[in-house]
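**Q** Listed below, chain by chain, are the residues.
Protein chains: 2
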Amino acid sequence: MDHLTRQLDFVAEAGRLSGVLRHTELTDPPRRENSAEHSWHLAIMALALAEHAPAGTNIATVVAMLTLHDLVEVDAGDLSVHAPAAEQERQHLAEQVAADRLYGLLPAEQGAELRRLWDEFEERATPEARFARALDRLQPILQDVRAGGRAWRGQGVTADQVLEKVQLIEDGSPSLGEFARRLVERAVADGILAAG
Amino acid sequence: MDHLTRQLDFVAEAGRLSGVLRHTELTDPPRRENSAEHSWHLAIMALALAEHAPAGTNIATVVAMLTLHDLVEVDAGDLSVHAPAAEQERQHLAEQVAADRLYGLLPAEQGAELRRLWDEFEERATPEARFARALDRLQPILQDVRAGGRAWRGQGVTADQVLEKVQLIEDGSPSLGEFARRLVERAVADGILAAG
Numbered sequence: 271m272d273h274l275t276r277q278l279d280f281v282a283e284a285g286r287l288s289g290v291l292r293h294t295e296l297t298d299p300p301r302r303e304n305s306a307e308h309s310w311h312l313a314i315m316a317l318a319l320a321e322h323a324p325a326g327t328n329i330a331t332v333v334a335m336l337t338l339h340d341l342v343e344v345d346a347g348d349l350s351v352h353a354p355a356a357e358q359e360r361q362h363l364a365e366q367v368a369a370d371r372l373y374g375l376l377p378a379e380q381g382a383e384l385r386r387l388w389d390e391f392e393e394r395a396t397p398e399a400r401f402a403r404a405l406d407r408l409q410p411i412l413q414d415v416r417a418g419g420r421a422w423r424g425q426g427v428t429a430d431q432v433l434e435k436v437q438l439i440e441d442g443s444p445s446l447g448e449f450a451r452r453l454v455e456r457a458v459a460d461g462i463l464a465a466g
Numbered sequence: 271m272d273h274l275t276r277q278l279d280f281v282a283e284a285g286r287l288s289g290v291l292r293h294t295e296l297t298d299p300p301r302r303e304n305s306a307e308h309s310w311h312l313a314i315m316a317l318a319l320a321e322h323a324p325a326g327t328n329i330a331t332v333v334a335m336l337t338l339h340d341l342v343e344v345d346a347g348d349l350s351v352h353a354p355a356a357e358q359e360r361q362h363l364a365e366q367v368a369a370d371r372l373y374g375l376l377p378a379e380q381g382a383e384l385r386r387l388w389d390e391f392e393e394r395a396t397p398e399a400r401f402a403r404a405l406d407r408l409q410p411i412l413q414d415v416r417a418g419g420r421a422w423r424g425q426g427v428t429a430d431q432v433l434e435k436v437q438l439i440e441d442g443s444p445s446l447g448e449f450a451r452r453l454v455e456r457a458v459a460d461g462i463l464a465a466g
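In the order they appear, the protein sequences are chains A and B.
Note that the numbering used here numbers the first sequence so that position 68 is 338, with each residue one more than the last.
Note that the numbering used here numbers the second sequence so that position 4 is 274, with each residue one more than the last.
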């Protein structure tokens, strides 16, 4: 198969991410968010919140990373960040298999290059990956607050569980982490997130 | 207002792009595509089809440009590429007003910088903008073919109108332009796009 045919197969398969529903809700109109529009919103956040990344972070890399970060959900589906550890482990394995298949649709060298960018995101070892992960944790908190905490209540999530995720935000961006911590405290004070 | 507050206002307003419905249809399940997921799909196309851009094209810039390219539709809505010239002109003006408001939500210098990237896309004067525009024209053709031409029939679009858009694809990427031209010819031969 020539390069273009393989690349367009990849593009078509990627398009199925619009059909993967997340556990967060949009408000206008109210409906579950899909992983394609979520990924786009994170790319916008990277551009808008760039100055909250540690100095020297390559924002273009962050944007590309966030564009790709949920692609594996085409096969593996979305799992709530609050799911139990055993489910998270199963999800991790399913995502590895999905990455093999999806990035394998591309010409070999190109597929390996884009796969490396996703691996980098998963491994959280670079400032770019840590900032991207921080945004990926911040966005659902912003959405959940905006939706009046409905998704939190639906999953029985408490403040402690959300604050555990806030650590990942602090790790990628101290200023966004501090902001997220205050946001969670206010959500508890406002009665839209259960304490404890 | 501090920077973070302004940036998060921008992020929240941008999120409304998920509520803007386009004239193209997704197939799995069949529904109209929204402009947020469309923008994400184009960013994926930029990464996947990078080798079809003219040598020296900065793909990171293309990805950022495509992430932002339809943001103005939050206020201005989507207009079919096949709409009459008078409507296109009205849309152009509405998008300028929308850009003033939306990029104006950001801290001044940052807003101006992202606005310049959108202006660059609109002006089509750089290889990055021409490649981004080529992808923006190619994606609906791929979607329309996949949906069996239903969106074309719904709007009474003929092959000549689609081929007019193919010129923009050729302008940004000769190889993708040639591919799109063959795709349109095949759509006519297959009876899913009206000749003429």
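No lab work stands behind these hints: they were computed from the structure.
A hint or two may mislead.
[What the hints assert, rightly or not] Partner residues are not named here, just some residues of chain B that face chain A (Cβ under 10 Å, in silico): (1) A284; (2) H293; (3) L296; (4) I462.
Please read all numbers here as calculations on a predicted model, not as lab measurements.
Even glycine gets a Cβ: it sits at the ideal position worked out from N, Cα and C.
**Q** Now tell me if each hint is right for this structure.
**A** For each hint, the structure was consulted:
1. A284: Holds, about 5 Å.
2. H293: For B:H293, the interface hint is violated, since the closest Cβ of chain A sits about 16 Å away, which is over 10 Å.
3. L296: Cβ of B:L296 sits 6 Å from chain A, so the hint holds.
4. I462: Cβ of B:I462 sits 17 Å from chain A, so the hint is violated.
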